[in-house]
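K.L.:
From first to last, the protein sequence lines stand for chains A and B.
Residue 1153 in our numbering sits at position 197 of the first sequence, with consecutive numbering throughout.
Residue 76 in our numbering sits at position 50 of the second sequence, with consecutive numbering throughout.
Some hints here could point you the wrong way.
Stretch by stretch, here's where chain B covers chain A in the computed footprint (C-beta under 8 Å, at least three residues) [to be verified]:
hint	region
1	961-967
2	1011-1019
3	1031-1040
4	1044-1051
5	1098-1108
6	1207-1214
Honestly, the hints are just simulated from the structure, not real lab data.
Think of the CB as a built atom: it goes at the ideal place given N, C-alpha and C, for glycine as much as any other residue.
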Amino acid sequence: MVNTVVGTDRVKRGMAQMQKGGVIMDVVNAEQAKVAEEAGAVAVMALERVPSDIRKAGGVARMADPRIVEEVMKAVSIPVMAKARIGHITEARVLEAMGVDYIDESEVLTPADEEYHLLKSQYTVPFVCGCRDLGEAARRIGEGAAMLRTKGEPGTGNIVEAVRHMRKVNAQVRQVVNMNDDELMTAAKNFGAPYEVLKQIKEAGRLPVVNFAAGGVATPADAALMMELGADGVFVGSGIFKSENPEKFAKAIVQATTYYTDYKLIGELSKELGTAMKGIDIADLTLEQRMQERGW
Amino acid sequence: MVKIGVLALQGAVSEHLNHIEKSGAEAINVKNPEQLDDLDGLILPGGESTTMRKLMLKYGFLEPIRTFAKKGKALFGTCAGMIILAKDIEGDLEEEESLGLMDVKVRRNSFGRQVDSFEADLDITGLDAPFPAIFIRAPHILSVSDHVDIVSTWEDRIVAVRQGNILATSFHPELTDDYRMIGLFIDMARKAHVPADS
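Work out the full structure, taking the sequences as your base and the hints as a guide.
P.N.:
So this is what it looks like as structure tokens:
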């Protein structure tokens, strides 16, 4: 097998490209994973608790019990993702050794390192990371993230932060694309972004990796809104299994993501879905309670 | 100009559209079955086959695509697209029907999980130099009928096939800068192309 290579950028980023236009759903057991797959999810995120329950529980949130991750991997044929704490090398290596398809180095869990993120380029498994602006996005790409997502504000059922982050990243990408070459280095300084990554963005006219929406998607219309704003796909965390009718809800979100400009259809899909998760106003969260502030 | 559509329900759609345009054909984002009437060829892209199958069924794509194939128009399935084209999907637990247009038996995720996804240089019938193939949680073909030509194998596994006007690969040409596979497909579509004034 002389001419075979695993874990290349193309293989890792390509995996995320295959997820485009799809919905990735948080699940806490095999039963939920099957509901997600049946509804048409492109992947599931195996967790011990969904973000809204992590908020309620408080304390330190860690990588899920490997038994849960394993159970979910056995239950479905679609890819399985799992979360490791920011900077927790060992949790990430354990998940990689288990054969998880994608790792989310996630601010939803309590960070293990308050200064450094994982050097994700060293792993064979691909990583997704959260971002609020282009600097954060470019630093994560620089470390080897193969996929991005907005941070939003997880577990709130409030889309406002995800909208803010998606708009900001895309506006800053447009700025970079329209810059002259001699302006890039100062932009790198101002954004806090690696120069090489900005150069790639300028040349390609877009981010070099897929960027999904996450953190607050609670309804089919929320998912469609994020697609309208330029998301490549959507993560739904607490939204689905905290709703009254998860099966119907999950199917509606999948279809709204595919046909995000078919407003008549989205109206139909949104009928009688039951109550969505309750939701939290961002102003009611102190700075310390905001998960998006985690990450550096 | 030859018109090639990409089924845009989920997956690597923009990569294929880009490849089509770079190869000098017209690229169409296909979200509704009525759009097929206008096309010479259709690509079923890579993505999640279970997701795509559900959406194809829900939005009425199966019969129109079968009719499209019967008319002699060209079809190209990459990865998930290959799975959807196969008549026989090993261990298939899905209740929904699939397209079933190629006389092949396919195995999903047959190279392992994502950590086993890989790149390799492949010899392909019709191309004079190896092709940089990218395999992502890829399927492979277990067996074919006499009507199917094997276009490429990797370590004794069938990874590219052609049956008349239908082409399928386990790997993702659209993730590379190599336009030779899409070139082969556009040639197939061109042969199916009937000029409007004839």
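K.L.:
Which of the listed hints are broken here?
P.N.:
2, 4, 5
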